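*Asks:* Sequence:
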Amino acid sequence: MRQPLISVIVPAYNLEDCLGRALDSILKQGIKDMEVIVVDDLSSDGTWELIKKYQKSDKRIVPIHMNQRSKPSGARNAALEVATGKYIHFCDGDDAIPAKSYKIMLEIAEKENVDIVTGNYMRMYPNERNAVRPFSQYTSNTAIERCFEKSNTTLWNKLYRRSFIEEHGLRFDETLRYSEDLLFYMEFMLGNPKAGYTDANVYIYTEPTQNVEIDESIIGVQRFANKLCMQNGMYCYSHVFEKPLTKNIEQWKILYRDNLNWHYQCVFRLINSPKEKEEAYTCMKDEIIKIAKANPGVLDWSDAKSYREFVDIMHMNFATFQTLTYREFLILDSIRERARCNFSGVNLQELHEIISEINIKESNDVDKVLYDKLIEQINDIKARYLSTKYIYQKKLIQSTYWTEWQLVVRHTWAPIQNIELKKNAWNIMRDTITVLSDNEICSLLSETAFWKIREVFGVDYPTLMALSYEEYILATSIKEVKEDLNTDVQKIFIDDSYAGNVGMKVIMKAARGWMTFKINRKLKR
Numbered sequence: 001m002r003q004p005l006i007s008v009i010v011p012a013y014n015l016e017d018c019l020g021r022a023l024d025s026i027l028k029q030g031i032k033d034m035e036v037i038v039v040d041d042l043s044s045d046g047t048w049e050l051i052k053k054y055q056k057s058d059k060r061i062v063p064i065h066m067n068q069r070s071k072p073s074g075a076r077n078a079a080l081e082v083a084t085g086k087y088i089h090f091c092d093g094d095d096a097i098p099a100k101s102y103k104i105m106l107e108i109a110e111k112e113n114v115d116i117v118t119g120n121y122m123r124m125y126p127n128e129r130n131a132v133r134p135f136s137q138y139t140s141n142t143a144i145e146r147c148f149e150k151s152n153t154t155l156w157n158k159l160y161r162r163s164f165i166e167e168h169g170l171r172f173d174e175t176l177r178y179s180e181d182l183l184f185y186m187e188f189m190l191g192n193p194k195a196g197y198t199d200a201n202v203y204i205y206t207e208p209t210q211n212v213e214i215d216e217s218i219i220g221v222q223r224f225a226n227k228l229c230m231q232n233g234m235y236c237y238s239h240v241f242e243k244p245l246t247k248n249i250e251q252w253k254i255l256y257r258d259n260l261n262w263h264y265q266c267v268f269r270l271i272n273s274p275k276e277k278e279e280a281y282t283c284m285k286d287e288i289i290k291i292a293k294a295n296p297g298v299l300d301w302s303d304a305k306s307y308r309e310f311v312d313i314m315h316m317n318f319a320t321f322q323t324l325t326y327r328e329f330l331i332l333d334s335i336r337e338r339a340r341c342n343f344s345g346v347n348l349q350e351l352h353e354i355i356s357e358i359n360i361k362e363s364n365d366v367d368k369v370l371y372d373k374l375i376e377q378i379n380d381i382k383a384r385y386l387s388t389k390y391i392y393q394k395k396l397i398q399s400t401y402w403t404e405w406q407l408v409v410r411h412t413w414a415p416i417q418n419i420e421l422k423k424n425a426w427n428i429m430r431d432t433i434t435v436l437s438d439n440e441i442c443s444l445l446s447e448t449a450f451w452k453i454r455e456v457f458g459v460d461y462p463t464l465m466a467l468s469y470e471e472y473i474l475a476t477s478i479k480e481v482k483e484d485l486n487t488d489v490q491k492i493f494i495d496d497s498y499a500g501n502v503g504m505k506v507i508m509k510a511a512r513g514w515m516t517f518k519i520n521r522k523l524k525r
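Take the sequence shown: its position 194, counted from the start at 1, is 194 in the UniProt record's numbering, and no numbers get skipped.
Since the hints were made in silico from the structure, they are not lab data. Warning: the hint list may mix true and false statements.
[Unchecked claim] Calculated lysine-lysine pairs in the DSSO-like style (CA-CA distance at most 27 angstroms, straight line):
no.	residue 1	residue 2
1	Lys243	Lys194
2	Lys32	Lys52
3	Lys275	Lys382
4	Lys422	Lys373
5	Lys32	Lys56
6	Lys243	Lys253
7	Lys28	Lys59
8	Lys111	Lys247
9	Lys103	Lys86
10	Lys53	Lys28
11	Lys275	Lys253
12	Lys285	Lys305
Owing to the predicted nature of the structure, the values given are computational and were not obtained by experimental measurement.
Put together the whole structure using the sequences plus the hints.
*Replies:* Right under this line is the structure:
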């Protein structure tokens, strides 16, 4: 029997409504010598019946029915065991292949005798009437460099030589819930394959739709998904880099840098559970140190260029970063962030108007009046947002919710000078936000809420919950820093002499120094 030129592997789970589109796009590629291995991962809908229907009308369909639920990794591994094609392509069951894509990639693979062919891809947006937009924009000019670009570590916009996969014993890690495709791809690239590329769009990725009905199970997934994504992603890199790199070193360094930046900025910083954020930090720190030790002089951020790159990502040098506890990291990061903000606090004129309005003559009474007013405002917020779901015009209500907190913090809480009253009010605000988070409108899970709470309190929710009142005041006390000032605050993040000695005393010294500078500057005015 003639060997198929290509084996297309399609994992499917409960895709009765969209699998047909994927299979039609594959079967219409015009490739006769092709096998399409469709793996049903114990679907509970009509997916298996649909696969069998397609098999009856086209013998190129090879159906596999899993005996137990094994996620995409297990489904792809099962397909790799039976695949016989010269080349392999992975297609998700809810995506599609543009016309002539396989002919384009196969021609390059055969003509240039390469192990991998990579192409551009498009994204489809179901919520926008299936709008399709080109996504990949390569900046490199060689095939091997394109394989290492951050936007090109996806599994499905590539054609793989099957003999290369088998020679290197490559399979998907079935213990990972996230990033298993990234690990497979990185292990493939560690084999130093010959690469080819095309500028053609060879894949259509369908963006997942967002269900308006959010049940507890989905919320539960959202609560730990970012942490798990962080842990799995960092595991991929430590696993791949556990042995010193020998080839394509500059490309690997760029890929590692770009993905570390993504994991920190887009995953770690969006985790809203204090406990899970601390766990993610520990994982991130341990894996970064592990990778640095395995690749001294290469991935230890020691040369001038990578030293600066680490500072750009983490806002401190690597030597300092590896000495910090979680709480020290939070405080330093918060000070750094507040140092770049232009937040002037409460306008004194507004404070005078508040005092005048309530007819207070004794300045010592102002704190108590402000505190009572704050309690009244918080009780009003609780009464309304605990009793109503605010289903109508959610986005408008969400914006109003955070605006109310902003007024409470800036105009009522900030002017309070009495330490005990201010601390008590701070604890009440923290506890109230946590209680109200069960309301969908007040939820802390969305990216909007993440930025809103930072705008209101100057720190994200996990930092707010992790720091004591004194630490919070310290972390948010610095309002602005001029770029040309060589302050102790800047030295903490950049100067190696602080490495191993960055604790609360150093932080306090830096904060006091900068606050003294600001006070003196105000007095001169």
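*Asks:* Identify every previously stated hint that the structure contradicts and give their numbers, smallest first.
*Replies:* Hint 11 is the one this structure does not satisfy, whereas the remaining hints hold.
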